[in-house]
Amino acid sequence: MERRTLIRQTYKQFDKLILLVLIGLVGLFIVYPIVSIVAFSFRSGGEFSLTHYQSIFSPANRKLIWHSLWTASSAAFFSTVVAVMISLSAVLSGPRWQKGLEKAVMISMISPPFVSSLAFIILFGRRGLITYGLLGLSLNPYGPQSIVLLQALGGIAFASLLLFANLEQIDLFQVLASRDLGAKGQHTLKDIIFPALRPGILSAFFVLFTMNIADFSTPIIVGGSFKTLATEAYLIAVSTPNLGQAAAISVLMVPSALIAFYFYRRNMRLGQTIGAKRSIKDIDLGLRLPGWLRLIIFLPAISYFIITLLKYGVILVSAFANTSSGRIKWTLDYARTLPPNNLAAIGRSVGYSLIAALAATIIGLLISWYTHRRRLPLMEGVEFLTSLPYIIPGTFFGLGYVAAFSSQPLMLRGTAIILITNYCFRQLSVPIKAANTTFSMLDRSIDRAAKDLGASELQTFWTVLLSPLRTAFINSFITVFTSSMMAVGAIAFIVSPGRTVASMELFRSVGQGRYGLASFQAVLLIVIIFVFNLILLLFKDRKGGRDVSRTKRSK
Amino acid sequence: MFLELNDLSKMYDEHNGVRSFDLSVEEGEFVTMLGPSGCGKTTVLNMLGGFLRPDGGEIILDGRDITRTIPEERPVATVFQNYALFSNLNVIDNVAYGLRYYHQLKKSAARKAARKYLELVGLSDYAQTMIYHLSGGQQQRVALARSLAIEPKLLLLDEPFSNLDAALRNQVRQDLKALQKKTNITMLFVTHDQEEALFLSDRIVVMRRGEISQVGTPKEIYYQPQTEDVAQFVGSMNQTLSIRPEDLTLKAGGEAVIERISFYGAYTDYLVRQDDDLILIKSFGKQPDWQPGQAVTIEKE
Ligand SMILES: Nc1ncnc2c1ncn2[C@@H]1O[C@H](COP(=O)(O)OP(=O)(O)OP(=O)(O)O)[C@@H](O)[C@H]1O
Ligand SMILES: [Mg+2]
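Protein chains in written order, with our numbering: chain A, 1420 to 1974; chain B, 5 to 305.
Only chain A is shown next, with the shape it has when bound in the complex (with noise of 0.2 Å):
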């Protein structure tokens, strides 16, 4: 045979490995976990039953899922409002305080969500600095108020970066076109602004909604007696062995989830309108808004800002002092006294969330590409499936790995690889729509171009299509690897005790009350997310890959 049609052959095989390893990896990683729990819900002694079900509806149980409900969704609801108003302020705002803005949200972001607990108690606590030392009071601060405060902070970053990109999709001349009729600024935000942000909005209610409804860990620190669903089942997966009643339960929380993923979908793929656009990202709109307006937008954003600061401020502070008395006193010993085992659990940590999102980055631009640049008809239906994980709660997720892989041939439980697998089809519906995103934006005919000239498929992907993807990659691996260095509800099961990472050793202070500690390692944490962060951004700032959009507007 000629070499070069040889070349070919080997390119066409290598071609349809790569896709059934993808296939493969969605079916294993994806499919079987969450088809294993399932099934573990519906079993009793090795048979078919309801009793798992029947046993949650008693009574009490209601009562569990009644506090769920409620407090999931006013913090869901509070979340939405003040990211809402963040994303107005940044249209309102020029494109120097719109680009500070969304960095100042970004950051606001690196922390695990729990923090807030932890800062919350050493103000507000029963020997807090404000309400004990500062005013002399002993209050309980302990329930379900706080529970939806701590809740509603937590959602606020990730609502606004959603928000963010439907105000990407806006066209800046439907914007112009509404002043040039005589709109005011209330009026444009009224008719074009929030019609564009309407499906986030929605989507960003309904996924907080399920992500606070899966959270175990603010409850558990700041709920006192106050027991909501997934208390309950975090508490009974990691008292007993018996799965099935934490599976039941987990499997309650899956249709708010399914709802939060109607939206989801229902949001990535809108903004195909019509007619050629002009985003008005890093545009000044000059809008004019009423005083009392600007002043209904800007201050919950304003003072989401003030309460990160004061946040990140606290956790320093009593990282290296004691507060126990409701004074400061200054000392080192919870650098000192850091047991050993935990300096192992953040190279655990750094280590697997840089493979995880490696893993990541690369499965979704793959499958992204199989799916929307080369249409291949089956992979609709695998890239449906990546977004699960994603949305579906993680405590759901993290059961379902135990499901899945405790028993041989199988048997991953007490791996790295678990943990890794775990972090990274999590979140590997980040990747995807970053790279849909672009490819989107991307003419079809320059792959045309690369195969006429004699490219293979995976020729044109590694050739022409790699460079402009570079932007979406190192935002999806810095996505990635963040989310799994702060990951708690998932892993929390799978976690075995020799081997456990940072964000577990924290909750596991914050748990047993060692605040000061729990604020050491929170600033070691935050710090070493901070420092991957910068180094990860240097790579996005050098050039190369960035001019996607340009290119676009030069027709």
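A few of these clues could be false.
Claimed, not checked - PhoX-like, lysine-lysine: derived pairs with alpha carbons at most 25 Å apart:
1) A:1870 - A:1431
2) B:304 - A:1609
3) A:1609 - B:111
4) B:290 - A:1603
5) A:1518 - A:1748
6) B:290 - B:304
7) A:1522 - A:1700
8) B:110 - B:120
9) A:1522 - A:1730
10) B:181 - B:157
11) B:116 - A:1609
12) B:157 - B:110
13) B:186 - B:157
14) A:1603 - B:186
15) A:1603 - B:157
16) B:223 - B:255
17) B:286 - B:223
18) A:1603 - B:223
19) B:120 - B:186
20) B:181 - B:120
21) B:120 - B:185
In short, the hints are calculated from the structure, not lab data.
Dock chain B with the ligands against the given chain A, drawing on the hints supplied.
Using the frame of chain A, we list chain B with the ligands on its own:
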């Protein structure tokens, strides 16, 4: 004068932008700005619409200085290149939009008033249709109706036909011209299509690199270009002979040689070499069967 632009300028950097732009337009006039890509047409339009603040100069419309007036208060409307129709509203609400805000009508009154403008562009049957169900040409007409509805003193159109195919463009051009006659609204139109400019305009402003090269009626621009650039851009001009290609014909035999023949159907272009000069000849209708390399003589018609 109805509209006056005095010494208007806006520079993005040393080379790009618009500098010392002077123009006077009469009420009811149709003026086209014509020029190559990047010459600053959109920049001028954006300053008129209020979307861009000039570095210097002033804009007087109907005796009022509107240089610093915000867009929402200017009696100026724009038809954007991508139409910028509100995709979450239906046709009638798009057209009623300016009536509600610029003229402060109630929703129902605005809708009622908007009907008249839908009729004007021949889309009465589509009042309740959502924007994305319309064809490109229909969208274009909705955009036009929406702008006309606020009864602007000045209508700005930035390459409004560039997203339409050739046949449709022709039709829409005719319609626009008729509409302008009917409404007598002063229009400032931007294009880089010279035929479009020549057909539509009362006067043409030819621009180059942010400055005005020439202002005149279509005939003046076409037959008496004052600079080489204008001559080049508005139809092509044979430099050496200073004569338009369509004013020349070919005769068999002679010193000149046909280099290239381009057949366009309605006309044919011949590129002929004479004494080391290349000369373009445009002949309309059916032509003799000339061949490249054939010796010919160039004659004035
Ligand atoms: N916001 C901006 N910042 C910097 N330069 C700009 C900006 N807008 C336009 N320019 C530059 O100023 C020059 C004039 O732009 P303008 O959009 O007015 O040209 P135009 O005549 O409308 O071109 P086209 O026919 O391509 O639409 C161009 O060189 C353009 O690149
Ligand atoms: Mg332009």
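Results for each hint:
This hinted pair checks out: residue 1870 of chain A and residue 1431 of chain A have alpha carbons roughly 13 Å apart, not beyond 25 Å. Taken as a hint, the residue 304 of chain B and residue 1609 of chain A pair is broken in the structure, with Cα atoms around 65 Å apart against an allowance of 25 Å. Distance hint between residue 1609 of chain A and residue 111 of chain B is fulfilled; the C-alpha atoms sit about 15 Å from each other, no more than 25 Å. Only pairs whose Cα atoms come within 25 Å are accepted, and residue 290 of chain B paired with residue 1603 of chain A is rejected, the gap being roughly 59 Å.
Annotation: proposed proximity of residue 1518 of chain A to residue 1748 of chain A is violated, straight-line Cα distance about 38 Å (limit 25 Å). At roughly 18 Å between alpha-carbon atoms, residue 290 of chain B and residue 304 of chain B fall within 25 Å of each other, so this suggested pair holds. At roughly 14 Å between alpha-carbon atoms, residue 1522 of chain A and residue 1700 of chain A fall within 25 Å of each other, so this suggested pair holds. Taking the CA atoms of residue 110 of chain B and residue 120 of chain B, the gap is near 16 Å; set against the 25 Å cutoff, the hint holds.
Between residue 1522 of chain A and residue 1730 of chain A, the direct Cα distance comes to roughly 17 Å. Compliance with the 25 Å bound is thereby established for this hinted pair. Proximity of residue 181 of chain B to residue 157 of chain B is assessed by CA-CA distance (about 17 Å); at most 25 Å being required, the pair is judged to hold. Restraint check: the Cα-Cα separation between residue 116 of chain B and residue 1609 of chain A comes to about 22 Å, which is no more than 25 Å; the hinted pair holds. With a C-alpha separation of about 22 Å, the suggested pair residue 157 of chain B and residue 110 of chain B falls inside the 25 Å cut-off, and the hint holds.
Straight-line distance between C-alpha atoms of residue 186 of chain B and residue 157 of chain B comes to about 15 Å, which keeps the hinted pair within the 25 Å bound. Distance check on the hinted pair: residue 1603 of chain A and residue 186 of chain B sit about 31 Å apart at the alpha-carbon level, beyond 25 Å; violated. The straight-line distance between the Cα atoms of residue 1603 of chain A and residue 157 of chain B is roughly 20 Å, inside the 25 Å bound, and the hint therefore holds. Among the hinted pairs, residue 223 of chain B with residue 255 of chain B is inconsistent with the structure: their alpha-carbon atoms are about 29 Å apart, more than 25 Å.
For a cut-off of 25 Å, the pair hint linking residue 286 of chain B to residue 223 of chain B stands: about 19 Å separates their Cα positions. A distance of roughly 43 Å separates the Cα atoms of residue 1603 of chain A and residue 223 of chain B; the hinted pair therefore is violated under the 25 Å criterion. Restraint check: the Cα-Cα separation between residue 120 of chain B and residue 186 of chain B comes to about 14 Å, which is no more than 25 Å; the hinted pair holds. Proximity of residue 181 of chain B to residue 120 of chain B is assessed by CA-CA distance (about 19 Å); at most 25 Å being required, the pair is judged to hold.
Between residue 120 of chain B and residue 185 of chain B, the direct Cα distance comes to roughly 17 Å. Compliance with the 25 Å bound is thereby established for this hinted pair.
Taken one by one, the earlier hints fail for this structure at numbers 2, 4, 5, 14, 16, 18, listed in ascending order.
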